[in-house]
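Modelling step: build the complete structure from the supplied sequences, incorporating the hints.
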Amino acid sequence: NAGVTQTPKFQVLKTGQSMTLQCAQDMNHEYMSWYRQDPGMGLRLIHYSVGAGITDQGEVPNGYNVSRSTTEDFPLRLLSAAPSQTSVYFCASSDGTGVAEQFFGPGTRLTVL
Amino acid sequence: AQTVTQSQPEMSVQEAETVTLSCTYDTSESDYYLFWYKQPPSRQMILVIRQEAYKQQNATENRFSVNFQKAAKSFSLKISDSQLGDAAMYFCAYSVYGGATNKLIFGTGTLLAVQP
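Chains as they are written, first to last, in our numbering: chain S, 8 to 120; chain E, 3 to 118.
You can take every hint at face value.
For the chain E half of the interface with chain S, some residues (derived, Cβ under 10 angstroms), not all of them: (1) V6; (2) Q8; (3) P11; (4) Y35; (5) F37; (6) Y39; (7) Q41; (8) R45; (9) M47; (10) I48; (11) L49; (12) C94; (13) A95; (14) K105.
To be clear, the hints were calculated from the coordinates, so they are not data collected in a lab.
Small disclaimer: the values here were computed from a predicted structure and weren't measured.
We put the beta carbon where it would ideally sit given N, CA and C, even for glycine.
Structural data, given as structure tokens:
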């Protein structure tokens, strides 16, 4: 049972490049989320999903796209990277029941030059 | 909109002593959940403790306990018998009850140092 996995762990992009951050979970969780962590700002919700085929925007969705074709996977796409997207990105999942614990992946540190 | 405020950017405690980290939040909801997460230098987010707002009893997990004051919208974390491994960034977080409970709203964090 690997929990929540994220790839890559580190990435450097140039402004304007696109890339996909991968997230997968093997706990059969319905709920998955993407957060970004910036110094002094805590974690902020980018996009979330309550099941396969269902996604919605969080607090800071601009510049990011998501899709959820399977229960296991929830990729985050940066269409045209900008320096403001330099951050640490966390994927999380939960079963969404009651005061459900969210399980976080190890994070991806992204630098946009 | 809901907000979470952690007014202590940094705290320090001596090993074996007790420390309390503060958290206040703002919401118009009557039912919600509150969490404390720990983030050590490894960057991994680890759930420390959670509280359901409709429960009056304060949550406890071993050396970690909370003081939940619903009327004051306060949710402080007490760490007893502090250990070197407790050194980390601590985040207070809120989520709505009954909705998409994976929508966590985080505070800005408190960096806890433990002195030997």
